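Could you slot chain H onto chain V? The hints should help.
So the protein lines, in turn, are chains V and H.
Read left to right, the first sequence gives residues 1 to 365 (the UniProt record's numbering).
Read left to right, the second sequence gives residues 1 to 365 (the UniProt record's numbering).
It is possible that part of the hints are untrue.
In silico lysine to any residue, SDA-like type, Cα no more than 20 Å apart, as pairs [said to hold, decoys possible]:
#1 V/LYS134 <-> H/SER117
#2 V/LYS28 <-> H/LYS206
#3 V/LYS134 <-> V/ALA253
#4 H/LYS29 <-> V/TYR116
#5 H/LYS29 <-> V/GLN131
#6 V/LYS29 <-> H/GLY56
#7 H/LYS134 <-> V/ALA25
#8 H/LYS28 <-> V/ILE142
#9 H/LYS206 <-> H/ASP128
#10 V/LYS28 <-> V/ARG43
#11 V/LYS134 <-> H/GLN332
#12 V/LYS134 <-> V/ASP81
#13 V/LYS215 <-> V/ASP234
#14 V/LYS29 <-> H/PHE132
#15 H/LYS206 <-> V/THR113
#16 V/LYS206 <-> V/GLN295
#17 H/LYS28 <-> V/SER117
#18 V/LYS134 <-> H/THR32
#19 V/LYS28 <-> H/TYR116
#20 V/LYS28 <-> V/SER12
#21 V/LYS29 <-> H/SER117
#22 H/LYS215 <-> H/GLY301
#23 H/LYS134 <-> H/ASN112
#24 H/LYS206 <-> H/ILE303
#25 H/LYS29 <-> V/ILE142
#26 V/LYS134 <-> H/PRO38
#27 H/LYS28 <-> V/HIS127
#28 H/LYS206 <-> V/ASN112
#29 H/LYS215 <-> H/ARG156
#30 V/LYS215 <-> V/PRO230
#31 V/LYS134 <-> H/GLY56
#32 H/LYS134 <-> V/TYR24
#33 H/LYS134 <-> V/ASP81
#34 V/LYS134 <-> H/GLY36
#35 H/LYS28 <-> V/ARG124
#36 H/LYS215 <-> H/ASP78
What the hints contain is simulated information worked out from the structure, not anything from laboratory work.
As the structure is a computational prediction, the values presented were derived from the model and not from experiment.
2 protein chains.
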Amino acid sequence: MSASNTPDTGYSIEEGNNASRNAYAWAKKTFTTRAGLPGEPARGLDGGFSNEIRFGQERLGISSDGIGTKIELAERLDRYDTLGYDLVAMTADDLIAAGFVPTNLSNIIDVNTLSYSVVDELMRGLHDACQFSKIAITGGEIAELGSRIGGYPGARMNFNWASTAIGVLHPSLAQPLSGAAAQPGDAVVALQSPSFRSNGYSLARKTLQRLFGDKWHEQAYDGPDAAQYPTWGDALLAPSLIYSPAVAALLDAGQPLRGAAHITGGGVADNFQRVLQNGLGAELDNLFPPLPAMQRLCEIGGIEAETAYLYWNMGNGMLLVVAPEAADAVVQQLTALGYAAQVAGRLMAEAGVTLRVAAGELRYG
Amino acid sequence: MSASNTPDTGYSIEEGNNASRNAYAWAKKTFTTRAGLPGEPARGLDGGFSNEIRFGQERLGISSDGIGTKIELAERLDRYDTLGYDLVAMTADDLIAAGFVPTNLSNIIDVNTLSYSVVDELMRGLHDACQFSKIAITGGEIAELGSRIGGYPGARMNFNWASTAIGVLHPSLAQPLSGAAAQPGDAVVALQSPSFRSNGYSLARKTLQRLFGDKWHEQAYDGPDAAQYPTWGDALLAPSLIYSPAVAALLDAGQPLRGAAHITGGGVADNFQRVLQNGLGAELDNLFPPLPAMQRLCEIGGIEAETAYLYWNMGNGMLLVVAPEAADAVVQQLTALGYAAQVAGRLMAEAGVTLRVAAGELRYG
Numbered sequence: 001m002s003a004s005n006t007p008d009t010g011y012s013i014e015e016g017n018n019a020s021r022n023a024y025a026w027a028k029k030t031f032t033t034r035a036g037l038p039g040e041p042a043r044g045l046d047g048g049f050s051n052e053i054r055f056g057q058e059r060l061g062i063s064s065d066g067i068g069t070k071i072e073l074a075e076r077l078d079r080y081d082t083l084g085y086d087l088v089a090m091t092a093d094d095l096i097a098a099g100f101v102p103t104n105l106s107n108i109i110d111v112n113t114l115s116y117s118v119v120d121e122l123m124r125g126l127h128d129a130c131q132f133s134k135i136a137i138t139g140g141e142i143a144e145l146g147s148r149i150g151g152y153p154g155a156r157m158n159f160n161w162a163s164t165a166i167g168v169l170h171p172s173l174a175q176p177l178s179g180a181a182a183q184p185g186d187a188v189v190a191l192q193s194p195s196f197r198s199n200g201y202s203l204a205r206k207t208l209q210r211l212f213g214d215k216w217h218e219q220a221y222d223g224p225d226a227a228q229y230p231t232w233g234d235a236l237l238a239p240s241l242i243y244s245p246a247v248a249a250l251l252d253a254g255q256p257l258r259g260a261a262h263i264t265g266g267g268v269a270d271n272f273q274r275v276l277q278n279g280l281g282a283e284l285d286n287l288f289p290p291l292p293a294m295q296r297l298c299e300i301g302g303i304e305a306e307t308a309y310l311y312w313n314m315g316n317g318m319l320l321v322v323a324p325e326a327a328d329a330v331v332q333q334l335t336a337l338g339y340a341a342q343v344a345g346r347l348m349a350e351a352g353v354t355l356r357v358a359a360g361e362l363r364y365g
Numbered sequence: 001m002s003a004s005n006t007p008d009t010g011y012s013i014e015e016g017n018n019a020s021r022n023a024y025a026w027a028k029k030t031f032t033t034r035a036g037l038p039g040e041p042a043r044g045l046d047g048g049f050s051n052e053i054r055f056g057q058e059r060l061g062i063s064s065d066g067i068g069t070k071i072e073l074a075e076r077l078d079r080y081d082t083l084g085y086d087l088v089a090m091t092a093d094d095l096i097a098a099g100f101v102p103t104n105l106s107n108i109i110d111v112n113t114l115s116y117s118v119v120d121e122l123m124r125g126l127h128d129a130c131q132f133s134k135i136a137i138t139g140g141e142i143a144e145l146g147s148r149i150g151g152y153p154g155a156r157m158n159f160n161w162a163s164t165a166i167g168v169l170h171p172s173l174a175q176p177l178s179g180a181a182a183q184p185g186d187a188v189v190a191l192q193s194p195s196f197r198s199n200g201y202s203l204a205r206k207t208l209q210r211l212f213g214d215k216w217h218e219q220a221y222d223g224p225d226a227a228q229y230p231t232w233g234d235a236l237l238a239p240s241l242i243y244s245p246a247v248a249a250l251l252d253a254g255q256p257l258r259g260a261a262h263i264t265g266g267g268v269a270d271n272f273q274r275v276l277q278n279g280l281g282a283e284l285d286n287l288f289p290p291l292p293a294m295q296r297l298c299e300i301g302g303i304e305a306e307t308a309y310l311y312w313n314m315g316n317g318m319l320l321v322v323a324p325e326a327a328d329a330v331v332q333q334l335t336a337l338g339y340a341a342q343v344a345g346r347l348m349a350e351a352g353v354t355l356r357v358a359a360g361e362l363r364y365g
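For reference, chain V alone in the conformation it holds in the complex:
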């Protein structure tokens, strides 16, 4: 996928990837500062989202991320107490996808001009999300940055919100989950996503702006789940489901987990390819169907399936690679925990990821 092929999102994925790679190269040069000392980074995790660092016998992971432009939805709807779920999901689920059980989170709120009440609502939601996922909020900062922060005009407060989470390698794992132990024939279990999570909002917003104008968030939503979401704003603000408690429970139960992919920016195939090592590929012919709001946006916005699967999770927020004989038990346990899960496909000896979805067959790599 080259920069010139990207739809009208305003961003170049390739430029971003290049800058991230370069930033990581600078970071890597600092690893030797901790050689043989507390905080020494583990080797061989190039390109991973959650870096392993060691303190004595303890093996910790660390992950940083924000919730991007989803915040504009909260500003448009003047409703701030669900964003905490999005904030926790981004880092906690990156950590658990690498085998680290999230334990602590530190958050930074950059605001233009402080609103005590908005910060209170944000923190209430963060508290709720951290109770849900058994994470202690052990650090935080609120910075008033004036005109350095922008957002939806007339909102009580404009802000950006990011966090850094720490986790501890699950005691059953000798190494972080990387997909290195995966084999052809392994089952892929999908966990359903009831929301956009925090990705793909630029494409969604620009499409709705084009169709409905400036007040697109007030437009009646007419997807099959319209009873739940009266407006397009409501449909897009739906909070992230946090998967880390469910995946941690699988590890606690000794399920043979061989890899996990948190589906964020880049969509199903791009994120799943990171767990495919040793030349393996995958065929995913039983993914969850697209989130109704995504499906409806494709229809009314004329967005091709190829594009939608590149920018949105399309209803699948986490993919797990498990030994084939354990797949049914894994699905059962996830279901018992209240998560929607199903066997979505299998690993193949040949490279490349094929998605067989209602819109047709999509091939990657």
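Same frame as chain V, but now just chain H:
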């Protein structure tokens, strides 16, 4: 200090403190999620900047902060490779002031539109600062947020930059440094600051804007150190000195450190009062003189000393409380490490902080 007394900085310190206290109250409610588990927060650190969390035998500290509006200076001067020192200083020196030796740092760059070259310069500076302070950069994120980010018009890139640092409690310490062990008669050792660090820029910028107009950064700087800083922009962009290696070296040498205050927003007295427990006070009659640029800004901007000492570090970036008989040795060791340090005063049995400076006597509390 009440909100109505603040000079023209655009911000209310009291409103910010209230929101921070409320955010901390929400955070504290999540501590029990880790009771008896990895990542359990230590008790009794209310109001501390660096929270202690425990993993097995390991006792870690975590601290988050950004570099605020100092970034506008870099944008005005189109020079980005020194901000890394500011970023590291904010969190690393909060950690070491609590007795945690910083080991790892994760950073988040929020940008309007990505500039590969600016990110490269930022990361080069961060690399340099982390080499200086023996910190491994083990996490990072670059987020393109479009119009949610503002800054100096025409800059190659507008951005905000924050980080979360982790540290390990120095092995010589049974508890984090809090000032609880301090006694009347203890010596206060000041470490000189050669820059504003990352605080007080709103007051500085507004003053210069008023005096010199929009292009104030190009105005010739006429302080006594003008040979080093041709323009006011250069004088204000001067990077932070990172104290953590020096304070860690004191702990390594077994110096009887009983408290430490990192002088950031709020100035000398407000930050130093945090280490004064059990009703103690302090008399500081031999602080380093104000940074020349701060002194000059007071003169040309008509800023009273009371205000300046409330918003700026005034040349003193870290204050250490040490047993009186060790004060000279501590100063000697710091000097040998290349830091400017001197005995600045002493603890008193009576509450309140008195600063005896060239501008007169300033009393707090």
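To see whether the hints hold, each was checked on the structure:
Restraint check for V/LYS134 and H/SER117: not satisfied, since their Cα atoms lie roughly 40 Å apart, outside the 20 Å limit. A threshold of 20 Å between alpha carbons decides the hint, and for V/LYS28 with H/LYS206 the separation of about 39 Å lies outside it, so the pair is violated. Only pairs whose Cα atoms come within 20 Å are accepted, and V/LYS134 paired with V/ALA253 is accepted, the gap being roughly 18 Å. Distance hint between H/LYS29 and V/TYR116 is fulfilled; the C-alpha atoms sit about 18 Å from each other, no more than 20 Å.
For the suggested pair H/LYS29 and V/GLN131, the alpha carbons sit about 9 Å apart, so the restraint of at most 20 Å is met. Of the supplied pair hints, the one linking V/LYS29 and H/GLY56 is violated, its CA atoms being roughly 29 Å apart against a limit of 20 Å. Between H/LYS134 and V/ALA25 the alpha-carbon distance is near 17 Å, which keeps this suggested pair within the 20 Å criterion. Restraint check: the Cα-Cα separation between H/LYS28 and V/ILE142 comes to about 16 Å, which is no more than 20 Å; the hinted pair holds.
Between H/LYS206 and H/ASP128 the alpha-carbon distance is near 31 Å, which puts this suggested pair outside the 20 Å criterion. For the suggested pair V/LYS28 and V/ARG43, the alpha carbons sit about 10 Å apart, so the restraint of at most 20 Å is met. Straight-line distance between C-alpha atoms of V/LYS134 and H/GLN332 comes to about 47 Å, which puts the hinted pair past the 20 Å bound. The suggested pairing of V/LYS134 with V/ASP81 holds, with an alpha-carbon distance near 18 Å, which does not exceed 20 Å.
The hinted pair formed by V/LYS215 and V/ASP234 meets the criterion: a straight-line CA distance of about 13 Å does not exceed 20 Å. Taken as a hint, the V/LYS29 and H/PHE132 pair is honoured in the structure, with Cα atoms around 13 Å apart against an allowance of 20 Å. Distance check on the hinted pair: H/LYS206 and V/THR113 sit about 16 Å apart at the alpha-carbon level, within 20 Å; holds. Restraint check for V/LYS206 and V/GLN295: the C-alpha separation of about 16 Å stays at or below 20 Å, so the hint holds.
Simply put, H/LYS28 and V/SER117 have alpha-carbon atoms about 18 Å apart, close enough for the 20 Å limit, and the pair holds. Straight-line distance between C-alpha atoms of V/LYS134 and H/THR32 comes to about 9 Å, which keeps the hinted pair within the 20 Å bound. Of the pairs offered as hints, the one joining V/LYS28 and H/TYR116 holds, with about 18 Å between alpha carbons and a cut-off of 20 Å not exceeded. The hinted pair formed by V/LYS28 and V/SER12 fails the criterion: a straight-line CA distance of about 24 Å is larger than 20 Å.
Distance restraint check for V/LYS29 and H/SER117: the Cα-Cα separation of roughly 18 Å lies within the 20 Å cut-off, and the hinted pair is therefore satisfied. At most 20 Å may separate the alpha-carbon atoms for a hinted pair to count; H/LYS215 and H/GLY301 meet this at roughly 16 Å. About 31 Å separates the Cα atoms of H/LYS134 and H/ASN112, which puts this hinted pair outside 20 Å; it is violated. A distance of roughly 12 Å separates the Cα atoms of H/LYS206 and H/ILE303; the hinted pair therefore holds under the 20 Å criterion.
The straight-line distance between the Cα atoms of H/LYS29 and V/ILE142 is roughly 18 Å, inside the 20 Å bound, and the hint therefore holds. Distance restraint check for V/LYS134 and H/PRO38: the Cα-Cα separation of roughly 11 Å lies within the 20 Å cut-off, and the hinted pair is therefore satisfied. About 9 Å separates the Cα atoms of H/LYS28 and V/HIS127, which keeps this hinted pair within 20 Å; it holds. A threshold of 20 Å between alpha carbons decides the hint, and for H/LYS206 with V/ASN112 the separation of about 16 Å falls inside it, so the pair holds.
Distance check on the hinted pair: H/LYS215 and H/ARG156 sit about 17 Å apart at the alpha-carbon level, within 20 Å; holds. About 14 Å separates the Cα atoms of V/LYS215 and V/PRO230, which keeps this hinted pair within 20 Å; it holds. Simply put, V/LYS134 and H/GLY56 have alpha-carbon atoms about 18 Å apart, close enough for the 20 Å limit, and the pair holds. This hinted pair checks out: H/LYS134 and V/TYR24 have alpha carbons roughly 17 Å apart, not beyond 20 Å.
The hinted pair formed by H/LYS134 and V/ASP81 fails the criterion: a straight-line CA distance of about 39 Å is larger than 20 Å. The straight-line distance between the Cα atoms of V/LYS134 and H/GLY36 is roughly 12 Å, inside the 20 Å bound, and the hint therefore holds. Taking the CA atoms of H/LYS28 and V/ARG124, the gap is near 12 Å; set against the 20 Å cutoff, the hint holds. Of the supplied pair hints, the one linking H/LYS215 and H/ASP78 holds, its CA atoms being roughly 14 Å apart against a limit of 20 Å.
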